[in-house]
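With the hints as constraints, model all of the structure from the sequences given.
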Amino acid sequence: MRVLVAEDERPLAELVATGLRRAGFAVDTVHSGDTALDHLGLHPYDVLVLDRDLPRVHGDDIARRLVAEGSPTRILMLTAATTTEDRVTGLDLGADDYLGKPFEFPELVSRVRALRRRAARPPLPPLIERYGLRVDTVRRTASRDGRDLDLSPKEFTVLQILLEADGAAVSAEDLLDRAWDAHADPFTAAVRVCMSKLRAKIGEPALIRTVQGVGYQL
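Going by this note's numbering, the first residue of the sequence shown is number -12, and it counts up by one from there.
Note that these hints are calculated values from the structure, not bench results.
Where is the CB? At the ideal position from N, CA and C, for every residue including glycine.
DEER-style ranges, computed between Cβ atoms: (1) S139 / E72: 18 to 28 Å; (2) A68 / L2: 18 to 28 Å; (3) A187 / D153: 16 to 26 Å.
Pasting the structure below:
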């Protein structure tokens, strides 16, 4: 897995890079926005750890460009701007995740790993018809046998993850990692409760089954 760290504070950039290398990632570092774009044009990076306040080309502009180009590189914004408004702006620009400074290093590694798993999955087609379900991944709507399911955003995300698995079981841990934010408590019943509601809305005959000791399967 290849990661580009774009951070203008050189000591911090080297600290992040060293830690990620110890976690098993191949890491390059750059300290300005134009250099980041040069590297991104030359190498197929899986994840970009991006400081928003880069010199010469702002981090926001880099995010916009990657989104406009349809780049498969996932973006983790790493920045001291940590208000809710800052986070919303960063995510709206195209960042896949957002981590404020200062941060705990295990959390950074976990978030990078999660982005890599997300990047490895091919995107679903805009319209999926399977098992009587009709799922529009663009409008994020779903129906079964012509009946609208009226799913919450979380329920739709869980259904989409199960569809992406293409018949394979998905663990509760993976669902929690992908459908909930990084602050979700892994010991809560959040996944079980959401799955119960999703099953009820999909109706009978049941499409989602529990694979004992493994997870959930559509």
